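Let the sequences and hints guide you as you build the complete structure.
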Amino acid sequence: MSSDLDVFVGNTTLIDEEVYRLWLDGHSVAEAVARRLRGGVLEREGTSVAVLQSDTRDHYRTFQMLERLLHAPPRLLQQLLFQIPPERQALLVQRYYAFDEALARELLGKKLSKGTKKELDEVSARTGVGIRSCRRQFDNFKRVFKAVEELRGPLAENIQQLFLLPPALARDYAAIVFFANSRFETGKRRLQFLSFGDFAACAQSMMAHWSQGALGTPKTPKKPQKPQSMMAHWSQGALAPEAAEPDGDLPKSFLQDLKELKVLVSDKDLLDQHKSLVCSALRGKISVYNELEANFKALSRALVNVGGKLTHARDVRDFFVDLVEKVIEPCRSDKWSPGDLRLFLTHYTAAPRNLPGFRHQALWERYMAAISACLLRMYHD
Amino acid sequence: MPGKLKVKIVAGRHLPVMDRASDLTDAFVEVKFGNTTFKTDVYPKSLNPQWNSEWFKFEVDDEELQDEPLQITVLDHDTYSANDAIGKVYIDIDPLLYSEAATVISGWFPIYDTIHGIRGEINVVVKVDLFNDLNRFRQSSCGVKFFCTTSIPKCYRAVVIHGFVEELVVNEDPEYQWIDRIRTPRASNEARQRLISLMSGELQRKIGLKVLEMRGNAVVGYLQCFDLEGESGLVVRAIGTACTLDKLSNTSAFLPACNSPSKEMKESPLVHAPSHGCRSTHNSPIHTATGSRLTQNFSVSVPTLIYTGMGSGSAGKEGGPFKTLLRQQTQSALEQREFPFFTLTTFPPGFLLHVGGVVSARSVKLLDRIHNPAFVGIMGNTRSYKLLDWNSFNSDEPETRDAWWAEIRQEIKSHAKALGCHAVVGYSESTSICEEVCILSASGTAAVLNPRFLQDGTMEGCLEQRLSWQPGFFSIGSEKGEVDFFPQSQDSSSLLGIEEASPPGCGFCHIPYDELNMPFPAHLTYCYNCRKQKVPDVLFTTIDLPVEAIVVGKGCLIQARLCRLKKKAQAEANATSISNLLPFMEYEVHTQLMNKLKLRGMNALFGLRIQITVGENMLMGLASATGVYLAALPTPGGIQIAGKTPNDGTYEQHISHMQKKINDTIAKNKELYEINPPELPEEIIGSPIPEPRQRSRLLRSQSESSDEVTELDLSHGKKDAFVLEIDDTDAMEDVHSLLTDVPPPSGFYSCNTEIMPGINNWTPEIQMFTAVRVSRLSNINPTNQTLNKNFNDLCENLLKSLYFKLRSMVPCCLCHVNFTVALPEDELVQIAVTAVAITYDKNQALQANKAPTEKSQQRASTDNEEQLQFPLELSSDPLSSQPFSPAKEALEGASSHTGIPAAQRATSVDYSSFADRCNSWIELIKLKAQTIRRGSIKTTTSLEKASPLAEGYLRHRSVPSGTNSTVSVVKMTPLSFLPGAKITKYLGIINMFFIRETTSLREEGGVSGFLHAFIAEVFAMVRAHVAALGGNAVVSYIMKQCVFMENPNKNQAQCLINVSGDAVIFVRESELEVLPAPPPAAAAQPAGSAGDVTT
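Just so you know, the sequences run in chain order A and S.
Counting in my numbering, the first sequence runs without a single skipped number right up to 381 at its last residue.
Counting in my numbering, the second sequence runs without a single skipped number right up to 1095 at its last residue.
Calculated directly from the structure, the hints in this document are not laboratory data.
Honestly, I wouldn't trust all of these hints.
What the hints assert, rightly or not - Cut-off 35 Å, straight-line C-alpha distance, at most; resulting in silico cross-link-like pairs (DSBU-like, lysine-lysine):
id : chain 1 : residue 1 : chain 2 : residue 2
1  : S       : Lys45     : A       : Lys117
2  : S       : Lys1040   : S       : Lys554
3  : A       : Lys142    : S       : Lys45
4  : S       : Lys789    : S       : Lys668
5  : S       : Lys45     : A       : Lys146
6  : S       : Lys1040   : A       : Lys111
As the structure is a prediction and not an experimental result, all values here were calculated from the model.
So, in structure tokens, the structure goes:
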């Protein structure tokens, strides 16, 4: 006697967290059943394999029907088809959008295109994440990217409102979008020591200090956008045309202004004065004083030039490579401690205040705040 | 122009993309009612259109208002080609037609398409202005309230219960019209949905008219069903119980309302006297007919009370007396105009005097299309097959279906009479159709309702509040078939009152029929509770467990499952073979139930529902019931296995092995269900049963019963053993099937009644669900045995699966487990289960017991008015100095399941003479009339015992909890209540019919994916309608039909689902407790004054 049709529908939709996890991991029904069997559910509940199969199929069907709604979480809240308690809905969304950092690390800075998707097989093999799960996560990245690509306002907040994600997860997605948008190179071998967390922290610092919203006076007053209105936005597919620059892009004017900072390295007097100010402040305070004194000009040049190059897309790609190659690696070879680096950066950033004739103090500090944060985060083995 | 319907289309959201090029939709809406259609503007290029339309106004008759659904169609505007339909919303505006229900329907409705399912949502506002035009009132029945709930709805009181109402309407099924060959499946489905919606409206209106004629204002226990008869048409039929209900507007202000019935009271207190005539009918011919019938067909006697109606197949062979009786019955029915049937399953405590047993009747009919162009059925009556020559029937008779049902109801009625009962409660009807054969079934519980309850002055309060009651059948001979009958008095300390007040916990078990002239063989003992009256050894009923019943331990779901092969045949031959099989199936089902009941050490079944389903080549029987151990009934004996060849050594061994297994199972079950009846010392048992002659008749055997009498094991002492004789494979199979039933895993209980006996501390966490399975019986050469096993496995696996799914809710109980079996195709069996899982708290039971009485008083008051009345009534009694103490005492008694206060026992006095009762009854009425004039108020013990018990019981049931419900959530439950909540308003009946079809079955996830989505959609649409009415729950929810057809080769499937329930607003008790509860003292005042008014 075989069951052709076998369904169970509750007025409140049953969500089994274990099965949801298996489904998210991309297991087939048969694999999921096998895994549940290994989990010992049979012994605990005293039931049969057939029951387990039927249960798993039911859950899988539910998840498949839910998936469409999970693509636009606000719809999950509004839909009438499944009655799911709010905390369960939150859990569904959160788990659906959670990602493997190893996978995200691989994809950071890559174009979220079909081509990249085709390469997921290799990524899957490298990271040990199931291919189906890889695809789902990739699609999540892409979906979030597309949704916020052209929206104004803080990226993380937009993501949080559009996808109803917890703040931390939304910030991570913001980082992913930021990287995908700016296409920073992260795949070079010398960058391999950096984790997803490192890059995400960098992205967050950069956005925090450099983006439109970080400026004291945004061009348009920033309104907290409600999910409701975002929803309308979303489904109409039309975007507010007056959007100047989305938060994922760094403001052009700011990047342009960064060129002004070159004076710090191009003007010999300024460079020398800068060096002496920093050295006098640090003398006796850091263990690598001699190395600092010897390398100051090279370091300063590297630090200032990284910013100056940000106007060109191709140079933007090399941002992290440059930082590692020209700042982190020299320091590391000179055995700077993280404390040394921190002290140096503090004083290096503060010193120009006392430089006569340097008029870009605010810009400099804004620039250096992010750079310092990035460097300190990246300075590890 | 008696009504104006106003509709406003506000907005849409999540519409599907209709224009591939732009990925957008240009949507507009057509609003149609009757023949009038309005349109909104096109809202271009949006998936979330904001129409914000004007108010569309329809000026219509109220008759139309009742019949027609409001039809809202969302379309995509297309400049060059025809506009594409996105989907529809049908809104039943009936809830707006009575003042107490909803005033506006407003909210988001899923836009439904029969091919694509739900496609976005639409926000609609609907209002009705009714003009009071009394002249028109007779053609419509606006204002009559409908309830699916099979008890008096919680925020109403019954002024009068008028009795049975039924109606059916017939039409051609659009699916079978010629035009169906040329129209699209969508058009065909929509035509069908619309037609059924129209027919239900019409049916409801017609029933409403009948109710108005009876001067009622509501229908309770309304059950509407569809018979899809295929080419011969579509029948929509409904039954219900007409009532006059009064709204309890406020928890504290209900008391003064009791005046009106008491005024009428004095006018006709004696009319009911003839009703006692009913009791004497057990000498009538039917009685003997029943007996002979059984023995004719089987060489056995049926060892229980139930089944006077063993299927009409057997009735076909009976002789003349039955027919004469039928004729008599018909005549009396004409006079009476009504059947004494009640679709209710739950009654106020003390209302049921005695329960006789289950009565059922079945009849096999032929739906003949050739002779039947205008839906004139031919009676393929099984009662005598020669009737199949239809010349003897008037084929011009337009109400064949009506006649069929009338016939069955007559039979039920006569069965009830044979059981010495004048009423049938828990009554229901059903059909099973396969091709042109149709089995009509009706069943109910024969009962004697409490005339004493009506006259007993102590009951005055509750009588007025809940049950000023006047059944039609009490008034035989009265011209209208209904006479107001409100005997009441303030006094009841009369001798009679004390004499006859049956102890509340056992009265209903006492036999209603004459001991010396029983309608069937049964084994009687003195009631184990009161020791005064006779009770049967087992009791089968279709009703819910009465609130006041004293139960030992917990109950459990008991199912009997059965398959019988039959040859494929046409027309008469088919009908004949089916009706030949029916009595055997009934017998077999009954035996299984009996065995399983004994195996669990229980002695009574409640909520019994036997479904016989007919298929092409087999019949299936599925009986579900909730077994309990009633303290009043004797302890069931064990099951004794008897071998036929006692000389064979190995055989003996085998038998003893089986016997041991059975005994072990019984012991295990007793432990599981906590059945530890108090061991009563011999002397209390009193006079033992004088007639051991009965014992031999309890023997069950397939063939020669007399040989085996000696096999009765004496080790069971006085308790009679139930003998299973395994002399053939059939019996062997029985024993095996007995032992294969697996008890639910720990932490789970299940029952098919509203509440689980023995569990009282529910938490508000509920989960209603529907599960559907279709299995293929893969045997090439199926036999009855293999089929039985397959079917049994199917049911058991389904239950197992449910337990597993709901494991996170443990400890919990599956309540109202409702199985429906269908045989959609040759080898396919479809089982649909709807039930609700309710979590209970093991620890809270103790707390509830310890809770201070006052607190409990409050809590009870938040439960529902019906229960509320009791404690308040008590407190209002000036003579009872400690109104709450009996409550506590009774509560303790109830919780320990043992203690029956001695006083309680003393109150009941034996009455063996029927004439005595009759006389005393009349005397009482006289007495009462006097006391009313005097205006004295007194109570008897019977009230104090009956009511607090109920209160305590319900208090357990409604333990509040701190969980909050969010506004948007709509709860659904097949029960009539929500644990831990109080229903504050009934918003109207929900009765919805949906068709879903697909031509891309594989793409939609196969049959399972298709049906899963459809059921979820149905739930969603029900919830949306309830929410739009302003409600937050559906109670008494039922899925009446789920017809699934597939054609995998064509990648097609179709499904029809019909659901109904009552939309309600409920408030959590935890929220209520915050509000200041009216102090009992304040309520007591009006009660006292009300009493004065009546004098």
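Hint by hint, here is what the structure shows:
no. : hint                     : verdict
1   : Lys45(S) <-> Lys117(A)   : 32 Å, holds
2   : Lys1040(S) <-> Lys554(S) : 28 Å, holds
3   : Lys142(A) <-> Lys45(S)   : 26 Å, holds
4   : Lys789(S) <-> Lys668(S)  : 24 Å, holds
5   : Lys45(S) <-> Lys146(A)   : 21 Å, holds
6   : Lys1040(S) <-> Lys111(A) : 55 Å, violated
Hint 6 alone, counting from the list given before, is not met by this structure.
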